[in-house]
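52 is the number that the working numbering gives to position 52 of the sequence shown; each next residue is one higher, with no gaps.
No lab work stands behind these hints: they were computed from the structure. Glycine included, each C-beta is placed from N, C-alpha and C at the ideal position. One or more of the hints may lead you astray.
Claimed, not checked - Label-pair distances were calculated between CB atoms; the ranges are: (1) S79 to P149: 24 to 30 Å; (2) R139 to T100: 31 to 37 Å; (3) V21 to A130: 27 to 33 Å; (4) V143 to A87: 25 to 31 Å; (5) N44 to A147: 28 to 34 Å.
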Amino acid sequence: MASDATSLIATADAAGPADGVARGRYVISIAGCNDCHTPGFAMNGGKTPEQAWLTGDALGWQGPWGTTYAPNLRRTFASLDETSWLAMARTREFLPPMSTPSLRAMSDDDLRAVYRYARSLGVAGEPAPANLPPGQSARGPVVAFPAPPQ
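Build the full structure now, drawing on both the sequences and the hints.
Below you can see the structure in the form of structure tokens.
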């Protein structure tokens, strides 16, 4: 029996780059987008039903930058056209734990595929909490990051 990862690779390869939705599912999976943008995904070993993927999370990520929350990408992408998403991915400086360098390393085709996959899921879930500035207390659980080494 093929593993989930093998199935994703086979699906993406069979579909080819023209099928943005299948490729987007693959890219989301290998990039670890669900680890932060899907409630409980990392903690339950990725066994979250696909209908809950990319709906954001109320788990905060706290550090010297304040507290950030992984946004509901399904809502985000519903409010953006593809060109705006590409511009955002290429120019915006994201706060931790979002890896701006990893996002910048994606090809335009990969970014388009991520967008198309997320849009194919439809809008679901509520918006994530708003990010908080340094010194403001978060409501709910947070993952605390230490200050970076000097």
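Going through the hints against the structure:
Judged by the Cβ atoms, the range 24 to 30 Å given for S79 and P149 is violated: they are separated by roughly 38 Å. The beta-carbon spacing between R139 and T100, approximately 26 Å, falls outside the hinted interval of 31 to 37 Å. Distance hint for V21 and A130: a CB-CB separation of about 30 Å, consistent with the stated range 27 to 33 Å. A hinted range of 25 to 31 Å holds for the C-beta pair V143 and A87, which are about 29 Å apart.
Between N44 and A147 the beta carbons are some 30 Å apart, a value that agrees with the proposed interval 28 to 34 Å.
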